[in-house]
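Sequences and hints are given; from them, build the entire structure.
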Amino acid sequence: MLIRRPPDIRSSEITDEKLYLTRRQWLAAAGIGAGIALVPERLLAGARRLTGQTDDKITPYDVITTFNNYYEFGTGKDDPARNAHTLKTSPWTISVEGDVKRPGRYPLDDLLRGLPVVERVYRMRCVEGWSMVIPWMGIQLKDLIKQLEPGPNARFIQFTTLLDPQQMPGQDSEVLEWPYVEGLRLDEANHPLTLLSTGIYGKPLPNQNGAPIRLTVPWKYGFKGGKSIVRIRFLPSQFRNTWNIAAPHEYGFYANVNPDVDHPRWSQKRERRLGEYFRRPTLPFNGYADQVASLYSGMDLKKNF
Amino acid sequence: MTTTAIIRWGLKPLIWVACLGPAAWLVHGVLRADLGADPVKTLTHTTGLSALIILLVTLTVTPIRRLTGFNGLVRVRRLLGLFAFFYAVIHLLIYAVFDHRLNPAEIAADIVEHPWVLVGFSAFLILLVLAITSPLAMVRRLGGKRWQRLHRLIYVAAGLAVLHFLWLVKKDISEPLRYGAVLLVLLLARIIPRVRAASHTGPGRDAALQSD
Numbered sequence: 000m001l002i003r004r005p006p007d008i009r010s011s012e013i014t015d016e017k018l019y020l021t022r023r024q025w026l027a028a029a030g031i032g033a034g035i036a037l038v039p040e041r042l043l044a045g046a047r048r049l050t051g052q053t054d055d056k057i058t059p060y061d062v063i064t065t066f067n068n069y070y071e072f073g074t075g076k077d078d079p080a081r082n083a084h085t086l087k088t089s090p091w092t093i094s095v096e097g098d099v100k101r102p103g104r105y106p107l108d109d110l111l112r113g114l115p116v117v118e119r120v121y122r123m124r125c126v127e128g129w130s131m132v133i134p135w136m137g138i139q140l141k142d143l144i145k146q147l148e149p150g151p152n153a154r155f156i157q158f159t160t161l162l163d164p165q166q167m168p169g170q171d172s173e174v175l176e177w178p179y180v181e182g183l184r185l186d187e188a189n190h191p192l193t194l195l196s197t198g199i200y201g202k203p204l205p206n207q208n209g210a211p212i213r214l215t216v217p218w219k220y221g222f223k224g225g226k227s228i229v230r231i232r233f234l235p236s237q238f239r240n241t242w243n244i245a246a247p248h249e250y251g252f253y254a255n256v257n258p259d260v261d262h263p264r265w266s267q268k269r270e271r272r273l274g275e276y277f278r279r280p281t282l283p284f285n286g287y288a289d290q291v292a293s294l295y296s297g298m299d300l301k302k303n304f
Numbered sequence: 000m001t002t003t004a005i006i007r008w009g010l011k012p013l014i015w016v017a018c019l020g021p022a023a024w025l026v027h028g029v030l031r032a033d034l035g036a037d038p039v040k041t042l043t044h045t046t047g048l049s050a051l052i053i054l055l056v057t058l059t060v061t062p063i064r065r066l067t068g069f070n071g072l073v074r075v076r077r078l079l080g081l082f083a084f085f086y087a088v089i090h091l092l093i094y095a096v097f098d099h100r101l102n103p104a105e106i107a108a109d110i111v112e113h114p115w116v117l118v119g120f121s122a123f124l125i126l127l128v129l130a131i132t133s134p135l136a137m138v139r140r141l142g143g144k145r146w147q148r149l150h151r152l153i154y155v156a157a158g159l160a161v162l163h164f165l166w167l168v169k170k171d172i173s174e175p176l177r178y179g180a181v182l183l184v185l186l187l188a189r190i191i192p193r194v195r196a197a198s199h200t201g202p203g204r205d206a207a208l209q210s211d
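Chain order of the listed sequences is A and B. Here numbering that gives the first Met the number 0 is used: position 13 in the first sequence is 12, and no number is missing along the way. Here numbering that gives the first Met the number 0 is used: position 65 in the second sequence is 64, and no number is missing along the way.
One or more of the hints may lead you astray.
Said to hold, decoys possible - No more than 16 Å apart at the CA atoms, straight line, and that leaves these computed lysine to aspartate or glutamate pairs for EDC-like: (1) K301/A - E249/A; (2) K170/B - E173/A; (3) K170/B - E249/A.
Said to hold, decoys possible - FRET-style restraints, in silico, Cβ to Cβ: (4) V184/B - P102/A: 51 to 59 Å; (5) I131/B - L162/A: 53 to 61 Å; (6) L187/B - P247/A: 29 to 37 Å; (7) A22/B - P102/A: 57 to 65 Å; (8) K170/B - R101/A: 30 to 38 Å; (9) A22/B - K145/A: 56 to 64 Å; (10) V128/B - K87/A: 51 to 59 Å; (11) M137/B - A292/A: 53 to 61 Å; (12) E176/A - L152/B: 37 to 45 Å; (13) P247/A - I131/B: 43 to 51 Å.
Unchecked claim - Here's a subset of chain A near chain B, in silico, CB distances under 7 Å, partners left out: (14) V62; (15) F66; (16) T74; (17) E127; (18) W129; (19) V174; (20) L273; (21) Y276.
Since the hints were derived computationally from the structure, they do not count as laboratory data. For glycine and all other residues, C-beta sits at the position ideal for the given N, C-alpha and C.
This is how it looks when you write it as C-alpha cells:
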C-alpha cells in the first residue's frame with residue numbers, strides 16, 4: 000500500500016474549536032453522525048480508502064475521550080477521563096535503548112523533529128468486543144525507526160509506559176503488573192499503518208488517551224497500543240507483554256483481530272461499534288487484511304494469538 | 000399501626016418505588032440517548048446488577064427475622080423476588096436482542112461454548128421456575144414442604160449469578176467478589192443459626208424454626 004507523505008498541517012487548516020461545536024450541534028440536529036462534521040474531507044477520503052467501507056462513522060470526540068481502558072487511572076471506563084489530570088506530560092523524555100545505533104534519552108520534541116506528521120482515520124477494536132473509529136494524528140513508526148537505526152540483532156521493538164504511582168494512582172493496584180509493556184515484531188513496527196500517535200481530531204492527545212505519545216496498531220486489539228511511552232527498546236527476541244503476563248491463555252503477543260480465534264471466555268466474531276445498538280461482524284485484521292495479512296503468511300494464528 | 004398496615008401502605012409502596020427506580024432511570028436514559036458510550040452495556044449491567052441486588056435483599060429476610068424477631072419482611076419477599084425476576088427477564092432480553100438478534104442458534108451456541116453464559120442462563124431458569132410457582136395457589140398445589148424445598152434453589156441461583164458476573168469481567172474481579180462476599184455472609188447467616196438450633200433445642204422448636 001502506497002502512503003503518500005501528506006504535508007504538515009497548517010494551523011489555519013485546523014478548524015477553530017468554536018466551529019467544531021456549532022457545526023456538531025447543527026449536524027447532530029440534522030441527524031448526521033456528529034463525528035463526520037468535525038473532520039476535514041481529506042481525512043474522510045482517507046478513511047474510505049483505508050477502511051474499504053463507507054459505514055465507519057468517526058466516533059465523536061467526547062466518546063473517544065471518556066470511554067477508555069487505562070488501568071493506571073482506574074479500571075472503570077470513565078475513570079481515566081476523571082483521574083488522568085494528575086499526569087504531567089511536559090517535559091517528556093523517551094529513552095531509546097537496546098540494539099540501536101542512536102540510543103539515548105530524547106526529549107519528545109527532539110525525537111519527533113523532522114518526521115512527517117500524518118493524519119489517519121483508523122478503526123480501533125478492543126479485545127472486550129467493542130470498537131471505535133478514531134482520527135489519529137502522529138508519525139509513522141517506521142520513519143522514527145529509520146532515524147534511530149536499529150542494529151542487526153534487533154528483531155522486536157518494545158514500548159514501556161510511565162511508571163509513577165504518584166501520577167498514576169491506579170498503579171497502586173495490582174490488577175496488572177506495572178509498568179505497562181507492549182511491543183511488536185520489527186516488520187510489524189515498520190509497516191506503514193503503524194503509528195506513534197500524538198493527537199486525535201487534530202488536537203493533542205488528552206491524558207486519558209495516552210498523552211503525550213502512544214502506539215497505534217489498527218489491525219491488532221487495542222491493548223497493543225501502549226500509552227504514555229517513556230521507553231523504546233530494540234530487542235533480539237519476543238518478550239511477555241503485560242496482558243499476556245496477566246492472563247496468558249487469554250491475551251497473546253500478536254493479538255491480531257481475528258473473528259476465527261475466540262477469547263477463551265467470549266466470542267470475537269462480532270463487535271459493538273460504540274453508539275450502535277446491534278453488533279456488527281468483526282473483520283479479519285480489523286479490516287486491514289489486504290495491507291497486513293502477508294506479515295503472517297505461514298503462521299498459525301490460533302497458536303500465535 | 001398494625002404490621003399489616005405498615006407493610007401495605009409503607010413498605011410495599013417503598014419497595015415498588017425503589018425497585019422500579021433503576022428501570023425508570025434506564026428508560027429515561029434511552030429516551031435522552033444518555034446511557035454513555037456503550038448504551039447496551041449500560042442496560043445489560045444495570046439490569047443484571049439490579050436483579051442480583053434485589054435477589055440478595057430477598058436473602059436478608061430470614062436472617063433479619065432471626066435476629067430481630069420481626070416477621071413482616073416475609074410478606075414482601077415474594078414482591079422482591081418477582082422484581083429480581085423482572086430485571087432478569089429484561090437483562091436476558093437485552094442480551095438476546097442486541098447481542099444475538101434473537102437468533103436461537105447463536106444463543107444456543109453461546110450457552111454451550113461459554114460457561115459465563117451457561118451459568119447466567121441457568122440462574123435465569125431457576126428464577127423462572129420460582130416466579131411461576133410464587134402465587135399462593137402454587138404453594139397449595141405443591142404443598143408447603145415441597146414448595147419450600149423448591150424455593151431453596153434461590154441460593155443456587157444467587158451463586159450462579161455471582162459466578163456469571165465473575166466470569167464475564169475482564170480482569171478487575173473486585174466488584175463480583177464483593178457481591179460474592181455479601182452472598183457468603185447471607186448464606187452463613189442461614190446455616191449457622193440452624194446448626195446451633197439443632198444442637199440446643201428439641202424437635203418441636205426445630206420444625207417451627209425451619210418453616211419460613
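Now the hints, each set against the structure:
At roughly 12 Å between alpha-carbon atoms, K301/A and E249/A fall within 16 Å of each other, so this suggested pair holds. Of the pairs offered as hints, the one joining K170/B and E173/A holds, with about 11 Å between alpha carbons and a cut-off of 16 Å not exceeded. The straight-line distance between the Cα atoms of K170/B and E249/A is roughly 11 Å, inside the 16 Å bound, and the hint therefore holds. The hint said 51 to 59 Å for the Cβ distance between V184/B and P102/A, and at roughly 56 Å that hint holds.
At about 56 Å, the beta-carbon gap between I131/B and L162/A stays in the expected band of 53 to 61 Å. Between L187/B and P247/A the CB atoms are about 35 Å apart, so this pair conforms to the stated range of 29 to 37 Å. Between A22/B and P102/A the Cβ separation comes to about 60 Å, which falls inside the hinted range of 57 to 65 Å. For the pair K170/B and R101/A, the supplied restraint of 30 to 38 Å holds, since their beta-carbon distance comes to about 37 Å.
Distance hint check for A22/B and K145/A: the Cβ-Cβ separation is about 58 Å, which falls inside the suggested range of 56 to 64 Å. The hinted window of 51 to 59 Å between V128/B and K87/A holds, with their beta carbons roughly 57 Å apart. A hinted range of 53 to 61 Å for the beta carbons of M137/B and A292/A is consistent with their spacing of about 59 Å. Look at E176/A against L152/B: about 41 Å separates their beta carbons, and that is inside 37 to 45 Å.
Evaluation of the 43 to 51 Å hint for P247/A and I131/B yields a pass: the beta carbon distance comes to about 44 Å. The restraint placing V62/A at the interface with chain B holds, with a minimum CB-CB distance near 5 Å, inside the 7 Å limit. Because the beta carbon of F66/A sits about 4 Å from the nearest beta carbon in chain B, less than 7 Å, this interface hint is met. Interface hint at T74/A: satisfied, since its Cβ lies 4 Å from the closest Cβ of chain B, which is below the 7 Å cut-off.
With its C-beta approaching chain B no nearer than about 6 Å, E127/A sits inside the 7 Å limit, and its interface hint holds. Evaluation of the W129/A hint against chain B yields a held restraint, the C-beta minimum of about 6 Å falling below 7 Å. A cut of 7 Å between beta carbons decides the hint on V174/A: the least distance to chain B is about 5 Å, and the hint holds. The beta carbon of L273/A is positioned within 7 Å of a beta carbon in chain B (closest approach about 5 Å), and the interface hint is therefore held.
Satisfaction of the interface hint for Y276/A is found here, the shortest Cβ-Cβ separation to chain B being roughly 5 Å, below the 7 Å cut-off.
Violated hints are absent here; each numbered hint is respected by the structure.
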